[in-house]
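Residue numbers (my numbering), protein chains in the order written: chain Y, 1 to 453; chain P, 1 to 453; chain E, 1 to 453; chain F, 1 to 453.
These aren't lab readings, by the way, just hints derived from the structure by calculation.
Predicted, not measured: the structure shown is a model, and the values here were computed from it.
Errors might be hidden in some of the hints.
Note that the list lumps identical chains together, so a pair holds whenever it fits in one copy or between two copies.
Claimed, not checked - Derived DSSO-like pairs: lysine-lysine, alpha-carbon spacing no greater than 27 Å straight-line:
#	residue 1	residue 2
1	Lys-84	Lys-22
2	Lys-440	Lys-55
3	Lys-130	Lys-217
4	Lys-32	Lys-437
5	Lys-50	Lys-60
6	Lys-74	Lys-130
7	Lys-139	Lys-73
8	Lys-22	Lys-354
9	Lys-440	Lys-74
10	Lys-71	Lys-440
11	Lys-50	Lys-440
12	Lys-71	Lys-88
13	Lys-445	Lys-60
14	Lys-50	Lys-437
4 protein chains.
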Amino acid sequence: MLSPEDASHPGLARTPTWVQEKLSPKAVNYIKRVHYWVETECIPAEPVVKAQLAKYGRWKTPPLIHELRAKAKKEGLFNLFLPKSFGKLSPGLTNLEYSCCAEIMGRCYWAAQTMNCHAPETGNIELLAKYCNEEQKQKWLMPLLNGETSSAYSMTEPDKASSDATQIACRITRDPDDPETLVINGRKLYGNAMWNDDLSVYILMACSDPDNPNPWKRHSTVIVPKGTPGFTMVRNLTIMGYDHAPEGHGEYLYENARIPAANIILGEGRAFEIAQGRLGPGRIHHCMRLIGQTERAYELALIRATDPRKKPRGRLIGDFDSNIERLASMRLRLDSLRLVVLNAAHTMDVHGNKAGRYAIAQSKILVPKTAADIIDECMQMYGGQGMTQHTALPEMWTYARFVRIADGPDAAHRHQVGRDQLKTVGPIKERHDGYQKRYKELCDKWDVKYETF
Amino acid sequence: MLSPEDASHPGLARTPTWVQEKLSPKAVNYIKRVHYWVETECIPAEPVVKAQLAKYGRWKTPPLIHELRAKAKKEGLFNLFLPKSFGKLSPGLTNLEYSCCAEIMGRCYWAAQTMNCHAPETGNIELLAKYCNEEQKQKWLMPLLNGETSSAYSMTEPDKASSDATQIACRITRDPDDPETLVINGRKLYGNAMWNDDLSVYILMACSDPDNPNPWKRHSTVIVPKGTPGFTMVRNLTIMGYDHAPEGHGEYLYENARIPAANIILGEGRAFEIAQGRLGPGRIHHCMRLIGQTERAYELALIRATDPRKKPRGRLIGDFDSNIERLASMRLRLDSLRLVVLNAAHTMDVHGNKAGRYAIAQSKILVPKTAADIIDECMQMYGGQGMTQHTALPEMWTYARFVRIADGPDAAHRHQVGRDQLKTVGPIKERHDGYQKRYKELCDKWDVKYETF
Amino acid sequence: MLSPEDASHPGLARTPTWVQEKLSPKAVNYIKRVHYWVETECIPAEPVVKAQLAKYGRWKTPPLIHELRAKAKKEGLFNLFLPKSFGKLSPGLTNLEYSCCAEIMGRCYWAAQTMNCHAPETGNIELLAKYCNEEQKQKWLMPLLNGETSSAYSMTEPDKASSDATQIACRITRDPDDPETLVINGRKLYGNAMWNDDLSVYILMACSDPDNPNPWKRHSTVIVPKGTPGFTMVRNLTIMGYDHAPEGHGEYLYENARIPAANIILGEGRAFEIAQGRLGPGRIHHCMRLIGQTERAYELALIRATDPRKKPRGRLIGDFDSNIERLASMRLRLDSLRLVVLNAAHTMDVHGNKAGRYAIAQSKILVPKTAADIIDECMQMYGGQGMTQHTALPEMWTYARFVRIADGPDAAHRHQVGRDQLKTVGPIKERHDGYQKRYKELCDKWDVKYETF
Amino acid sequence: MLSPEDASHPGLARTPTWVQEKLSPKAVNYIKRVHYWVETECIPAEPVVKAQLAKYGRWKTPPLIHELRAKAKKEGLFNLFLPKSFGKLSPGLTNLEYSCCAEIMGRCYWAAQTMNCHAPETGNIELLAKYCNEEQKQKWLMPLLNGETSSAYSMTEPDKASSDATQIACRITRDPDDPETLVINGRKLYGNAMWNDDLSVYILMACSDPDNPNPWKRHSTVIVPKGTPGFTMVRNLTIMGYDHAPEGHGEYLYENARIPAANIILGEGRAFEIAQGRLGPGRIHHCMRLIGQTERAYELALIRATDPRKKPRGRLIGDFDSNIERLASMRLRLDSLRLVVLNAAHTMDVHGNKAGRYAIAQSKILVPKTAADIIDECMQMYGGQGMTQHTALPEMWTYARFVRIADGPDAAHRHQVGRDQLKTVGPIKERHDGYQKRYKELCDKWDVKYETF
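Here chain Y stands alone, though its shape is the one from the complex (with noise of 0.2 Å):
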């Protein structure tokens, strides 16, 4: 347990007992030191970095942002996320302690970023690092765990249903004239803008044998660099009108481009064994930095509904019963995500991602749509000033509506969830049909009449 002291402080004074309980000295130390860097570097900073956006440019990342990952990287508040299999480079946080540090990330859009705990940088390492050979490892994931330079997925297609990834049509053909390279013709949507100076990498997720009987072995994962002849950005996809620069969505082209045969991570044929190993963590980051970001979204519902400047009818906001019920139940219902997600990454711990797919669907469904929801109940809190930039609550709302759709969306998870559910079934029947037998008996011994419906 922690002490009464540690337990009040700001970063674990909503962190539930049981979890506290979990957390190891070194764990609460992290989180302490995450919350001050959050509280003193970021949150203040996020005008300045905005103020650099329009002054150097859109697509190059501020230099405050370079100037924070230096010290970050210094002050060891670096690759937090890594799991202990990745020995020293790791601290050695659990996915429950790490949790609570990517909780208190998440109230500012780029704090993890100056941590090296991004997405999809924090996926793409695991990935690289999972599956790569020594070479590999040594050209694309020491730069990345480095900080030195940064790293898109591409997988989504324009033409596809992207929640079926076996469509995925992009194609890598062998150069018949030299085997050893591969040609890549076809077209991705999102992964993070070649326009940013910083990003040299795409790993690419295409078909290299549309024949293959089995649809799980047609596609390869590839490395793609920048500056590849023949991959082109197409244009910014923005997201709600955000451009979500310096880092953005593209849209991209492959016509020829080729890269050697070297890139191909783990073999060819082998992108869904890739894929699967993916995105668990990498969903319950996403799931508490949400939270963490709904945190305070309630924050400045709480400040204004007591901004003695705001009196209609000479009351405070928070003197309506109305509000003080809308504000009880956005706490209630933000304590029970966090409820969900910590359990899901205390299963991930003891029993392994695979055994928390459940718990990890669980919460990639219900936290992006209810905090949504409570940042929108903040900004309607906010009048006419809600949805201006007065606050952060437009951004906050519109990054939370995307983790909803971002890696599929809900109705493709709660059908996976509910298939699930209905394999449970046989067991279940027969515990009803047991139940009437032993009604039956028990008809015949207290002489009651047998009934059925």
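On the provided structure of chain Y, position chains P, E and F as indicated by the hints.
Then chains P, E and F, alone, in the frame of chain Y:
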């Protein structure tokens, strides 16, 4: 009744039967022309307008819009909203008839503007026509009616509860040395951006007599020309990140801005009299445009649901019965909203704006929230692309969300409706007391025990 | 238009203006008389009816009801629902006009019964009138029209998906030895209870030709008199625990029950033809009665909100603005429902039941769910007492919930609406393709780059 | 951690990992025995209990229940809820451990009663144990602990706002001629029915000192034996029509009822002291039982979804992806509720009931509403049969709806939570002011304009 051919015209096909019965041939003709206009001149031109904003500057009205406005004027599609009281200038449509036009205009964000039927112009024109003296009308109203310039309305302030207009603090004083000159000091939010070339005038509500014992007589409405020294726009207020250029929303500073006392509308201290006459029809127009916009979003959902390129698990999106049910729910709710707004429009036609207050509030509260929810569902059907510039859905959602908060948060309107309902309890209680009395009589008659709870 | 006095009559005060305009003087007169009847004879008598059910047995129609039926008949308030096609028997009200009566009847659970306007009687009478031969009409229809007896409708079966009527399995065969005799075997659910003394006849839908290649021609509708040997009621089916006595719902067994072939309606194999002609108006009546019932629940909420004995924290329940907002929300939603149903009724008047299919489904799907939700909120306002027999709210909720599932779950109706919507996509797609063509033209005209996503 | 075999035991399979880790072997053993008990002795016996109620009278505890209580006592499955403070009488389970038992008990409406773990018995036993003197304990507590009799709690009144207990008006006075005798006058609602043979005693909260300046010292808690002259039950209060026999709810009249002053608990004027100590654990038990009940409803939904007899349009109900999504949504929400309640239980274990106040409120507000919604959805899956006695779903829904209003409407609890939240704003504001200060520093450092909104 319409001819079957007219009734199935795409501009009239979802118009309820009882409304179709009330449309004059003239109105039907206008509706069909507006439909053709929006479908042919506006919707296809949307990306051109975007391109022109990029090319000529975000605060210049695009040439295409200018051309369309001139053409609409020539074709008699200008100022369609003007009620009959405007005599020859008015096309003579009822609120109900114009509502059908407004729905169609709403399909394109700026279509109403091409017909000089956009907010806040319509409300401002009605205000100036109703409350200005002849001289003021010549000077300020006629250019608006002619479409030569545009106007803004300025009421909300940053440091006050904007749902309570009696708190408006922006100060108008008479120059002691020149009593025919008014001096203005204060800050204002919203109102179309001064940066727009075509804008020429602000209608300002401010405090001229703070010590008047009657709080409803402390404020005046005045006309402030753009270019008045001391009157500046501090920044563009974005809405969910959108600048809404080239009209946009501004934040304003009045620092000893001086205007002639002749710019007072109706008389000093009569701002609330003026404010009360405003807004009714405007809210209905807003709501009908939102419905038109949501219809377009719905069409996009139908198109996505039948897009042969999008077949998750081998089936069209519209083959999944979860989506079939979603499409049904959206349709049912959207059509209900139309019934609500058209009922409000007709109530205003028959009983006047004041008697229509409840029906207007019903529209104002129900339409924007539901419209935003439906559009959100349509976005979700588009997967990741639903939030990008792939469709106009993100802008549509933002507009619906914005209308929900514009003219006051829905909680304020609900509060008013609820209080009015509570006032009706007197005769209801009497009636219920009557039940008891009669019940007692019946107990006697039927020889049954009289019971109370 | 109504006179102002009529328009503010409590039976007409919430009737939308466009409906008031369409009411004939005769209809207004009926509405006012129905209102007086329900308020004076029915609502206050509710506890008397309960007492009589306790006194005389739950399956005896209470004497008070019998008296009221006789009186209503004498006063010309009987069979108000009969459409004009019934000639002299019909009061000549349109669907729209009768809907206004039905709303008022709905204020008391059994008021419609006193006027012979209750379900399933109304649907059965329409069915018999439309499809019976003269002899059948004399024998089965006239006693119902005269109010001398009552009837039930029997369709659903326990072991089949009742939303798919082609699966109905209850079997009708001709006795090989006596082809003019039909033999029935099977089980049925619902249909008014045989235990009720006044009930005399069942209209049964069953399978007479299982091998017909056309699944829509396999079933017949026949008349089964109560008392037919081999036809028994197994048990009373309760609804949320209510027995709904003295009419109630039954579970039935047909064991070689024999009826004359003359009891076939319309002809063998024509059950679906008959089924299609049923239900439309009945659904509208159900919905309007639900609205009337919900209005009464709402009155109870207003009364509770202003009850001087209930002052938590020293304030009336209606002084809390959370409750004020709740009352407003309920009012707004309830009034929207009325617009939906009245629009459906009028559409049927003008275009016939078939053309009104969509509007009927809109009512069927939206009204029961929302009505149940509103009544639930009213119960909540009554605290613990809201669920006891202190008010009629629990029975009201149960009835609304029941109507939601009666005639098929709302999901089935949504499915139908959604599929119909998807069929409309053809011309919409064409129109959208037209936008692209026109956009291309405009790009040329304005010298702007043509972009596609 | 549990062994894999234990972890997949149906009584533990949905227990979150973090909770499984905390269960002592003793607790696991109890959970498995309770599971066996409920599945074997209770659920199959439900129709027998109904038959016995019909046979022996609705207010007699059925013989089967009596037998089970005796057997459970013998088997050591009695009074499982008793906290460790009860010494040898207590099985020594933590709140968390007992919560897992309570969930299972909730699967059958009366299973808790067979183990003497039902409301209001548990709360009453804790109250008597905590606040009675030795003599009172011998007389009133021991028979309850031994399961020889049962008790009721009486607080709510018909003419007062029951969410504000200071308004309780039922009057206790001392007989001026015999000061050791208390005289009680007033009306009370709820509290188990006096008609039940096994009930012997009421714990009454009433007003003994109305003029005390401290409103929290005006009330006393006393013990009123059944049979006290002047103390009568007026009627059974039904809940949504259910009489909830044989325990039921009553309405009571005190007309000069006389009890010895020795029946005062803790001392005159100390009722609020007592009330505060009650309810916490009881609410958690209620919520866990509701979750268990909802799990059973969910099993019924799964069974219906795979019932081969129900194939609308030729497919199982569970083949429709709308139903698959519904099943998923229910599962996800239900599991979230369990996390909320178990977190509350553990918080109480570690920090005490008082510190757990927020977590208890979170359970109380979220669980009953969501449970009722889920059960409603399960009913809907059963079509018309969902509301009949075909399944226990209607009774389950009613119980969940009842728990929502019992112990005060959720609005009152939300109000409390919201007010507590508003009190936390001080340090949050300080932190936000700090952001501004730091932002200003950063502006200087990075040479960027300081902007405020």
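Ascending list of hint numbers which this structure does not respect: Violated hints: none; all satisfied.
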